[in-house]
Amino acid sequence: MGKSKIAMVFSIVLVLASYALLATKGLNYGVDFAGGTIVQVKYDTTAPIDTMRDKLKGNELFSGASITEFGSPDEVVIRMKSTTGSVTVDIGDVTREALKGSGNFEIRRVDIVGPKVGSELKEKGIMSLVLAVIGILIYVAFRFEWRFAVASIFALIHDVSIALGAITLVGLDVNLDVLAALLTILGYSLNDTIIVFDRIREGVTNSKNSELADTINESVTRTLARTTLTSLTTFFVVFTLFMFGGEIIHAFAFTLLVGVVVGTYSSVFVASPILLWFGFDVKLYHEKLAAKAKREVEKQRMRDQYESGVM
Amino acid sequence: MKLNYRIVIFALAIIFGIGFSAPSLLQLEDGKKVTLGLDLQGGLHMLLGVKTEEAVKSRIKSIAASVKHFAEREDVLIDNLIFDESSVSFEVLDSDELPKVKEFLAEVEGSDIANIGELLTLTLTPEEVVKTEKEAISQAIETIRNRLDQFGLAEPVVARQGEEKILVQLAGIKTQEEEQRARELISRAAKLELMAVDEERAARVYNMSDADAAEYGDVILSDVKNPEIKYLVREIPILDGGMLTDASMGFDQNNRPLINFKLNAEGAEIFGDFTGRSVGKRLAVVLDGKVYSAPNINERIGGGSGQISGSYTVMEAKDLAIALRSGSLLAPIYLMEKRSVGPSLGADSIKASMVALIGGFILVIIFMVVYYRAAGVIANIALIANLFIILAVMSLFGATLTLPGMAGIVLTVGMAVDANVIISERIRELVYEGKSMHKAIEDGYSNAMRAILDANITTLIAAVVLYAYGTGAIKGFAITISIGILASMLTAILGTHGIYQMLEARIAKSKNNRFWFGIKG
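These protein sequences, in sequence, are chains A and B.
All residue numbers for the first sequence refer to this note's numbering, where the first residue is 23 and numbers rise by one.
All residue numbers for the second sequence refer to this note's numbering, where the first residue is 5 and numbers rise by one.
Bear in mind the hints are in silico, worked out from the structure with no lab data behind them.
It should be emphasised that the depicted structure is a prediction, and the values quoted were computed from it without experimental measurement.
One should not assume that every hint holds.
What the hints assert, rightly or not - When the alpha-carbon atoms are kept at most 20 Å apart in a straight line, the in silico EDC-like pairs for lysine to aspartate or glutamate are as follows: (1) B:294 - B:232; (2) B:355 - A:115; (3) A:138 - B:167; (4) B:72 - B:95; (5) A:122 - B:182; (6) B:178 - A:115; (7) B:439 - A:224; (8) B:61 - B:137; (9) B:355 - A:269; (10) B:55 - A:142; (11) B:55 - B:137; (12) A:77 - A:119; (13) B:443 - A:224; (14) A:122 - A:96; (15) B:169 - A:145; (16) B:36 - B:159; (17) B:169 - B:146; (18) B:178 - A:66; (19) B:61 - B:159; (20) B:61 - B:122; (21) A:77 - A:145; (22) A:144 - B:508; (23) B:178 - A:326; (24) B:72 - B:203; (25) A:144 - B:168; (26) B:479 - A:145; (27) B:65 - B:113; (28) B:65 - B:159; (29) B:178 - A:142; (30) B:104 - B:122; (31) B:72 - B:270; (32) B:355 - A:128; (33) B:443 - B:508; (34) B:479 - A:142; (35) A:138 - B:168; (36) A:138 - B:113; (37) A:146 - B:168; (38) B:355 - A:96; (39) A:146 - B:167; (40) B:138 - B:159.
Isolated chain A (complex conformation) (with noise of 0.2 Å):
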């Protein structure tokens, strides 16, 4: 456990800048959260940026609207901030109009969120966080002990936290499939903490020592090997996921990526030692299942004789 005083040390100044991170460039919210308008669109050559700039200049609809490359160069996104509420000419169309003569190009997607969709996803989203978070909990406080879920509630809020720094660095916009990785992440990441809780519970019930640091270190090596390749086969589909699977899906792979890194290294380095911390109690425990044990054994016996004794 020597190394995992420099492990915690690591995590709490990656935890801690990810949080700076957030304090100060903040989460770049997309449109599905704050409302706003997405067009893409796809030209026949490269996509004459400039030109498309000067063409939506003017228009106070497309007022702060930014255009960057997608994927490719002769693709294009354009956001902005404004919604209309016309079904049968909306800011789309619009935009369509407005670049007539820049080109021979094709609108691919056209996302359009309202203000109050907006805050309403935003409302759901948060709460389907706090609701995934409070379902685990009460899963594991009810298979393990209280102390095995806050140790793992605490590696699930530092991958949370550290994946949401790493969106905030590269400054990707956070929509709802990033939060459905969110999601992913959280019962990914929980995933490995059981495997690993899974043997020191194995190890604390058969084993006579009652030294907890003992039992988890065991555990965690004796785990390691299955922790590691899992989060191999993970990282590569996820990797190719990243690589290939298109511009669309890029925020969701990253947060994965960083999601099944961040889930691994937490699992061995953060939930266990959170775990010893909390003090729990081998002999304790011991004494518990004994006494379980015991009680077990005394009703089967007042069974027994209450049967023996009705015949």
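Since the structure of chain A is already known, use the hints to place chain B on it.
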């Protein structure tokens, strides 16, 4: 080699998987197939809101119209007929006729009637206002559905979302023009009104403001073709589209498209009465607040049918007839959210996610074989079976495969082998400890079981929450992840266990642990 129940179930699962995924994979004519989400096949997704306050307003307006018609029919003299957001008021000139008028007003549902002297005020109750607003939403859903059913796209989705939002999903829209046509059809109020031109003041229309017109109970409407041409018409219409029974496209003598409409019996009577009384005056045919024509009335028009001429294309006339036939929207609708994906982008997304799926799949398969040898091959069989089962279950339930859903399948490939990694590691451990092959396999599975279950259930919890709170395409991710996890319990735990049991004797006999489990030395 012996058959066991696990291997039988596994074989059945594989047959199920291949059988039910075949229609989707081979694009067969028959059989249930996976539906591609709008983000993969291209299409239009919209959330619409309804301006329900407008429905209340038009309800009031039509009450005012019926008061006017009642007064004319019964020869009751009334004056100062005005209305606002939720009430209608007027004066009855002869107080002897008050009871008769009140009796008529009492028939208006959900209203309170107050009178101060000869001044009568009818107000809609708050409950009635809420009811009218609710009806406006239901009616909008019904109307939009009717219109889209006649538009010619396969399986349009029109559904209520939450209390007051309308979800519209149109798959298979090919061009921007088609999308715009669909949007026009959906949002068109299609409110037909037949209105009397105020002949007394019509000449002064160009010198009047809207406020001036309102003072006389008139409104100024412009011509549909030429907005410069104005008409001064009575604000309260003679009748409206609610009395329309049919509308269809036809042609005039010059072969230009026009729309024929028919009125119901009540409408025909009102129309007949009015035209009989107004010979020599003009009748404005108003659609969505624009005057389409204002012909002179030459004689009483019975029969209750009429025409709307205007300079439209055949396509426009067809859509307009659909809109009129499906009924008008009681309240205007507005756009709250729109997601539109062109078919070419959808095709690109399918291509990209397929590359990711195949790439990730090959990497995982190679990795498992290199590391675990035969055990890896067995895990890979389970993985392939898993993919078939995901597709089969989705086809069977007609689930929608979205781009995040594809990502979920890719992720499943990486995570589903997890169970086999855990099991193989456990078996390896027991083999190292020198346990017999039978014991190593059985204990390996039972030791791994608890951890696999706990780990999968927590991932499932996250997926279920995502499904409950996610929207649109994200729901697709929750679906594929959940099915993938459940299928992996069947294939990776039960299925591979069956294979090991079948091969157990052979593994024990060969003593080649390097070949079977990739154990060195």
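Status of the hints after comparison with the structure:
no., hint, result
1, B:294 - B:232, "12 Å, holds"
2, B:355 - A:115, "28 Å, violated"
3, A:138 - B:167, "14 Å, holds"
4, B:72 - B:95, "12 Å, holds"
5, A:122 - B:182, "19 Å, holds"
6, B:178 - A:115, "16 Å, holds"
7, B:439 - A:224, "19 Å, holds"
8, B:61 - B:137, "10 Å, holds"
9, B:355 - A:269, "12 Å, holds"
10, B:55 - A:142, "19 Å, holds"
11, B:55 - B:137, "9 Å, holds"
12, A:77 - A:119, "10 Å, holds"
13, B:443 - A:224, "18 Å, holds"
14, A:122 - A:96, "16 Å, holds"
15, B:169 - A:145, "17 Å, holds"
16, B:36 - B:159, "15 Å, holds"
17, B:169 - B:146, "13 Å, holds"
18, B:178 - A:66, "19 Å, holds"
19, B:61 - B:159, "34 Å, violated"
20, B:61 - B:122, "24 Å, violated"
21, A:77 - A:145, "36 Å, violated"
22, A:144 - B:508, "54 Å, violated"
23, B:178 - A:326, "76 Å, violated"
24, B:72 - B:203, "18 Å, holds"
25, A:144 - B:168, "19 Å, holds"
26, B:479 - A:145, "17 Å, holds"
27, B:65 - B:113, "15 Å, holds"
28, B:65 - B:159, "36 Å, violated"
29, B:178 - A:142, "31 Å, violated"
30, B:104 - B:122, "13 Å, holds"
31, B:72 - B:270, "15 Å, holds"
32, B:355 - A:128, "19 Å, holds"
33, B:443 - B:508, "10 Å, holds"
34, B:479 - A:142, "16 Å, holds"
35, A:138 - B:168, "12 Å, holds"
36, A:138 - B:113, "34 Å, violated"
37, A:146 - B:168, "17 Å, holds"
38, B:355 - A:96, "18 Å, holds"
39, A:146 - B:167, "16 Å, holds"
40, B:138 - B:159, "26 Å, violated"
Going through the hint list in order, the structure does not satisfy hints 2, 19, 20, 21, 22, 23, 28, 29, 36 and 40.
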